[in-house]
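> Turn these sequences into a full structure, and let the hints guide you.
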Amino acid sequence: LAGCVAAERDPDRVTELFALFDETDPAYRKTGLAGFAANAADFVRRPVELGARPALLDEAGTEKIAGMLTWPGKPLPPGYEPPRPLTADEQAQFDMGKILYAGVCAGCHQPNGAGLNGIAPPLIDSEWVTGSPDRLSRIVLHGVRGYITVKGRRYQLDMPPLGALGDEPIAAVLTYLRREWGHGADPISPDFVKKVREKEAGRTDSWTEKELLKIE
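In our numbering, the protein residues as written are 163 to 378.
It cannot be assumed that every hint is accurate.
Claimed, not checked - Okay, derived cross-link-like pairs now, SDA-like style, lysine to any residue, Cα gap no bigger than 25 Å in a straight line:
1) K356 / K313
2) K192 / G223
3) K313 / A268
4) K226 / C166
In short, the hints are calculated from the structure, not lab data.
Right under this line is the structure:
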């Protein structure tokens, strides 16, 4: 459970987990903290931003967990720049995308974005999600066929096209993906999706990884 919460990078969930640890016996808390810290290396450059320093960090042996987190007043890790705040319109877009993701995408990629082992790729920290918006827009508009490599691992499940959705809902989903789970990539606007759709108006096939990698 603790490892799953850590993988989600959701500040509210992390805070709830730590509150639960505060109420449990020391042995259970020690096991839970070890599970949370299992992937600490993934958090060094992009820690989870909490509203306050957790009290449990006063305990011995929590140094690794402290390195996974940041809070107001804590010096940021070298090279880390917090993402800019979303504008009101972008936040509304994000909120819409969160709802759409739950209904359209979570069945394969899971509610926490972790994907299905060996089948549907994870979206958390995916280079396809936080990288080129041109590639990501095309993936959602037209789908993907064949294998796709995510964080060094191949996944073979074909993704169906979602181009039947309008530009606004697609932009909302993409913005959600690029800002959820601790991601800090820029939002994607409906106008951007519209331009990509128009540019690829004649396309009928899903994309292959090889084709996508040719797009900047």
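> Please go over all the hints and tell whether each is borne out by the structure.
Outcome of the hint check:
no.	hint	result
1	K356 / K313	29 Å, violated
2	K192 / G223	9 Å, holds
3	K313 / A268	20 Å, holds
4	K226 / C166	17 Å, holds
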